[in-house]
Structure formats: structure tokens, C-alpha cells
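Next come the chains, spelled out residue by residue.
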Amino acid sequence: MAALPRRIIKETQRLLQEPVPGISAVPDESNARYFHVIVTGPEDSPFEGGLFKLELFLPEDYPMSAPKVRFITKIYHPNIDRLGRICLDILKDKWSPALQIRTVLLSIQALLSAPNPDDPLANDVAELWKVNEAEAIRNAKEWTRRYAMDN
Amino acid sequence: MGICWCKEKHEENESYFPQSNNDNIDSAIQSVTPFSSAEYYLENTEKGCPDSLTVDKLVLETLGIIGTLVDNEQEPPPSMLRLHNIADNEEGWIQVVKSMVNVIPMTDPLGSSVITLLLDDSPLPSRESVLHVASMFNLSAQSALVGRINAPKQRNICVVLGCIAEKLAGPSSLGILTDSTLDYLITNLNTDTDPNVILFSLIALEKFAQTSENKATIIRRLQSEPSCPISKLEAWVRDDHFIKKQVGFCAQWALDNLFVMPNRKFSYLTVDNSHLNAMLNTSDVSEYLKISPDGVEARCDAYSFESVRCTAQADSGVWYYEVTIITPGVMQIGWATKDSNFLNHEGYGIGDDKYSLAYDGCRKLIWYNAKSEPQHLPRWQAGDILGCLLDIENQLIWFSVNGHLIPPCTHVFGMAKSGFFAAASFMSFQQCHFNFGAEPFKHPPRTTYSTFNDTGVLDPECRQVLPRHIYLNQLRQQSVREDSCTLCYDKKASVRLIPCEHGGFCTSCVGQLNECPMCRSAIHVVVDDTSQ
Chain R
1 MAALPRRIIK
11 ETQRLLQEPV
21 PGISAVPDES
31 NARYFHVIVT
41 GPEDSPFEGG
51 LFKLELFLPE
61 DYPMSAPKVR
71 FITKIYHPNI
81 DRLGRICLDI
91 LKDKWSPALQ
101 IRTVLLSIQA
111 LLSAPNPDDP
121 LANDVAELWK
131 VNEAEAIRNA
141 KEWTRRYAMD
151 N
Chain S
152 MGICWCKEKH
162 EENESYFPQS
172 NNDNIDSAIQ
182 SVTPFSSAEY
192 YLENTEKGCP
202 DSLTVDKLVL
212 ETLGIIGTLV
222 DNEQEPPPSM
232 LRLHNIADNE
242 EGWIQVVKSM
252 VNVIPMTDPL
262 GSSVITLLLD
272 DSPLPSRESV
282 LHVASMFNLS
292 AQSALVGRIN
302 APKQRNICVV
312 LGCIAEKLAG
322 PSSLGILTDS
332 TLDYLITNLN
342 TDTDPNVILF
352 SLIALEKFAQ
362 TSENKATIIR
372 RLQSEPSCPI
382 SKLEAWVRDD
392 HFIKKQVGFC
402 AQWALDNLFV
412 MPNRKFSYLT
422 VDNSHLNAML
432 NTSDVSEYLK
442 ISPDGVEARC
452 DAYSFESVRC
462 TAQADSGVWY
472 YEVTIITPGV
482 MQIGWATKDS
492 NFLNHEGYGI
502 GDDKYSLAYD
512 GCRKLIWYNA
522 KSEPQHLPRW
532 QAGDILGCLL
542 DIENQLIWFS
552 VNGHLIPPCT
562 HVFGMAKSGF
572 FAAASFMSFQ
582 QCHFNFGAEP
592 FKHPPRTTYS
602 TFNDTGVLDP
612 ECRQVLPRHI
622 YLNQLRQQSV
632 REDSCTLCYD
642 KKASVRLIPC
652 EHGGFCTSCV
662 GQLNECPMCR
672 SAIHVVVDDT
682 SQ
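Listed in order, the protein sequences are those of chains R and S. For what it's worth, the numbering used here labels the leading residue of the first sequence as 1, then goes sequentially. For what it's worth, the numbering used here labels the leading residue of the second sequence as 152, then goes sequentially.
Misleading hints may appear alongside valid ones.
Listed next, the in silico SDA-like pairs over lysine to any residue satisfying Cα-Cα at most 20 Å (straight line) [to be verified]:
1. R/K74 <-> S/L282
2. S/K643 <-> R/Y62
3. S/K642 <-> R/E60
4. R/K10 <-> S/T637
5. R/K74 <-> R/N123
6. R/K94 <-> R/E60
7. R/K10 <-> S/Y622
No lab work stands behind these hints: they were computed from the structure.
Work out the full structure: start from the sequences and follow the hints.
Given below as C-alpha cells:
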């Protein structure tokens, strides 16, 4: 375990002291760069009522490069593929070291409220979202019920 | 190089070795590929699930090929691709799990790794599928006892449980660790169970404990037993039997790091390291590698390719150390400078960049810059001694297995001429023991040489291998100054950017920026902000 950068210590302390509503991010017990994340599905979205598990990893050169984030819970969303990879600009070319774990997770929650089928990662899902939004939303609700709700 | 297909492709195409190496791999693949019709490996058209015999065959084929794969950039073998497609639907996933449990033999050093590889690259199963699998195994104290007649199957079930526990850490993991699953795993810890089954039961418990409610449940259960079953296994750490030795190592690690029992002293407080002047460096290791309290043994139970360097450095002269191979799977052991990076999640380790060179006696390959060169020695076995000799004056690295030398390697000296450390990378479930000279060597070289233990210096805190929870707690209590840089929180904020006027950064962070981190406008001038 290399020494932990102060930036990570600071963010971890703040996440635990002032949690973001609807989001929980807990550092792994044995790896301070790995966070267990749970995001609640936003109200008035097809993901409402679901609890979505993600993993977040801070790479060696964080914050100069973006955290690596992935959905672990299956989700029917045009910008998230079947392996849980997320298509979000701030995780790629629009990353800035002034962004933080909390801002990243809030952006992901916002992506659930506002899917963007014009910038797809899951092509079949995006296609359906464009040609038949009602059916896509039904699928998303069904997947939420099936994979993101405990009972 | 660790085996991993999730990483992005590399641009680099230089080869440091003759191209003919690939012929061996091609012929090896052909020799274990009994089917060749395109239909058999058809992609993206998997409808329903093929019969269990077909899946059994695909699993065995993947197992046969996996040890011959040396390059992350090459496509995964067709059998593996097809298994991924089959596992894409729930029924198929269940069949793949069933086949792996039934057909993977315990004797293959890569057997347990193949299970983790296949499950790791498959889409996550639904909760229903996982519960279905759990009920299919019919886990209970009774089934643990009855299962003793078929140790390989029980071993595989435990590997699968560990994988599922790790992938589904959280609420779903709670659903699988029922009383009967716990009964099954705890019953397996009895000392008269096959040690392979004990080992992977212990690892499965460790993976379940990644979810804190499970951890509390497991600790309660261990405490309710007449005597803690893991404590009994800890004594095996000094056993001569190599599987039992692994059980002992994992039991000790679990008691220090996860299942902390009252009345047991942490190993770092009881171990005597006074004779050691060189160890594995606990501040220079990738996150998941387990290091023994005496700092000279390491083990990986994660699915990444974990690496470590030693504490002492070699700058000139001739240096030697030995490694006892405890598990015969994929490890890359050799020499690395500090320029060598540990990219554990991408599958890159020692021998996978220009600043390190390693031998992997499972696949029988010398590794340099992520390229491999086959060697003509038998595959290494538990108990084999790997000798690692570094001759800086003559720019040669020699490896030997049980005293048999491999032709010397010179590759790394083009990039590095000093600053070498003993270093190693481990695939999942691999373990070895280092001797930097504190114990007599089994196959000492005939030339004059130095050892890290003769010349190394360890200050008291480096001598301690702290349990992670203690170490991380110490780190997290460090305080952060108010006037520090808002990017690194490490140095003092001292500069402002012109023209946007955003400030609160230090010079070393700004030096790494192309645009303002707040507003993304171009940086024309950086001005000192401390005089105000």
C-alpha cells in the first residue's frame, strides 16, 4: 500500500461526515482507493425505487485523471453498457481535477434522470429509447424491479 | 503478464524477441482444440443453453489453453468467448457454473484461476440465478461431510462461492450467506477435511466478509464454536505440506485483518523480525497483496495481478536471492527498478515494462516489456527454489530453478543500470516465500555475491507489517491544513491563474494542468499569490 495522498484522505473524511443525499460511498476496508457506492434511483425516473450498486476506483494519478466508475447492478440505460461501463464526458475527456468523488456520483445520478440516447454506449437500448421511448421506459422499470430492488 | 482481457489495447508493437515464439502458442492452441467448425464457436447467436456435455468440453478446453496465452492483446480463445456468450443469459450462466464445478480438476495449477476468470468476465447474474446456484449445491453441514469423497467438486464450489461473494458484495451477498451456507463453510474448516477445500472455504469466508453485515455474522459464528476453527488452522503456517502452509497463511491473515478475535494478539506484535534487514516493502505494494507478519512471504487472493518490491536496493556488484515456490501457478519473479509500475487491474506486473525482468515458471517464460521468451525447463512445482542473480557490472540477470540455470538475460540493462529491487507479481491464489539471505541459500551461486540481508537497513516502523485496518486508521487520522492546495491538499496553495483569476492551487499541481480546473479557460500566466 503506497502512502495515501492527502486529497483522498480529505475527500474520504468529507464523504463520511457530510454524506450526499441518495448516495452512499464507503471506502473499502483494505483498499483506501476503492469505494463501495450505492446510488438510489431518482424520483420520477424509471429507476425510482431501485438501489444501484457501483464501484469507484481512484487511479494512481488521481486527481489528475478521473476516477474509474462502473455499475455493478444491472441497469437498462442507453449510456450504460451490459458490463456497467458508463458513457459520461466528465469521466473521460471532460474530467477536471477540481471535480470530486461526490460531484462524479451526483452527475451519475443526474444521468439516470436524463438518459441521452444520442450518445449511446448500449446501442440496442439507445435505439429502442429513440424509436419507442414508452417501451424502453417499461424495460428500464422492469430491470429496476428485477435487479435493483431487494424484494 | 496476468491474464485479463478487460483492458484497452496498446499501440506499441515493438518486439524484443524473435517472432517465431508465436509458433509454439499456435500449435499448442491447435492441439487442444478438438472442434474447428465455425458453428461451434458461433458468436452473438447463442439461443438457449447448449447441453451440459458441450459446456463441460468448453470449460476443459479453456483450461487447457489458458496457460499458453501470453498476450493480453490477442483475442481470448474461442472456447472462452463462447462460454461468455453462453453465460450471457441466466440459464447459460447457471450451466457454466455447474460445468466448472463438475469438471475442473484440483491438480491443474490454473484450475481455480480459470473459474475466477470466467466468472469475472461474465455479466453479473441476477439474484435469482445466484440463489438457484446456491440451492443447486445444496449447501449444509451435512453436504460438507458427505462431499468429502469428492474434494475437487467441493474445492470448486468454494471458489465459485468466493467469486460470487466478491462480485455481489452488498445486499445480494447477504442473501447467499444463509445459515446453511455458513454451516457448510465452517464445517469445511475441520482439520480432517481436504486442505484444498479448507483453503478455498477460508477464502470464500474472506470474500463474504467484504460485506460488513456478513463479517459480523461470521465473527459471531466463529465465536460460538467451542474453539475458533480458524485459530486451529493458523498453526499450519509452519507446516511442510504446501497446501496446509497456504491454509495457515490465510488463517493468520484473516485473524489479523478480518476476523479479529478477543484474546488473540496481532501477529505483528508477537513475530520476531530482529534478524531481518530486508523484507517485502509494505509501502511499495499493490493494494490487495497479502504480506506475512515477518515480511518475507506474499500471497494474492484477489483477481488482479498484484506486485511488490523489496525494501533494499542494488546499485552495483552482484546480488542474489532465492524464492521458495509455494503454489505452482503464474507468478513473475525477478528484478525491477522504481520506474516499473504496478498496473494490477490491467494485468501488468514485473516483467511487463522496460524497467523490470522476470521469470514465470508456470508458463516457463522470461518476461521483459510484456513480451515473453519460452524457456526449456519443467513447469515449476511447489517446493522448487527459484534463484535470482543480478550481475550489474556485466549487465546480466541469471535465473535458476533448483540450481538449473536458464541462459542469462540482458534486456533490462538498456533502460536501467542501477536502482534494482527484488520484485514479484502474483496471479490469483499464488504464494511464495523470499529469502534475502537471512536463511542459508539452497543453491548459492559460485561467484561472489552480496545479499540484501547483509547490506540492508530497516528502520523500526518498516519492520512491522501492520494489519490493514490499523494502517488505514492511522492514515485517515492525518489532518489537512486549511491553506492547502484545493487539488492535492498536500502543498500550500500559492498561485493564481491569469486571465481567469482562479486560485487556491500549488505550483506542482498547476504544472500538470493544461487549462483551469474550475472554468477550463486557457492558462496564459501563473502568478504568485502568497504576497497578498
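Hints versus structure:
With a C-alpha separation of about 17 Å, the suggested pairing of R/K74 with S/L282 holds against the 20 Å cut-off. Taken as a hint, the S/K643 and R/Y62 pair is honoured in the structure, with Cα atoms around 18 Å apart against an allowance of 20 Å. For the hint pairing S/K642 with R/E60, the CA-to-CA distance comes to about 18 Å; that is within 20 Å, so the pair holds. Our distance criterion of 20 Å between C-alpha atoms is met by R/K10 and S/T637, whose separation comes to about 10 Å.
Between R/K74 and R/N123 the CA atoms are separated by roughly 16 Å; this keeps the pair inside 20 Å, and the hint holds. The hinted pair formed by R/K94 and R/E60 meets the criterion: a straight-line CA distance of about 19 Å does not exceed 20 Å. The suggested pairing of R/K10 with S/Y622 holds, with an alpha-carbon distance near 17 Å, which does not exceed 20 Å.
Of the numbered hints given earlier, the model fails none.
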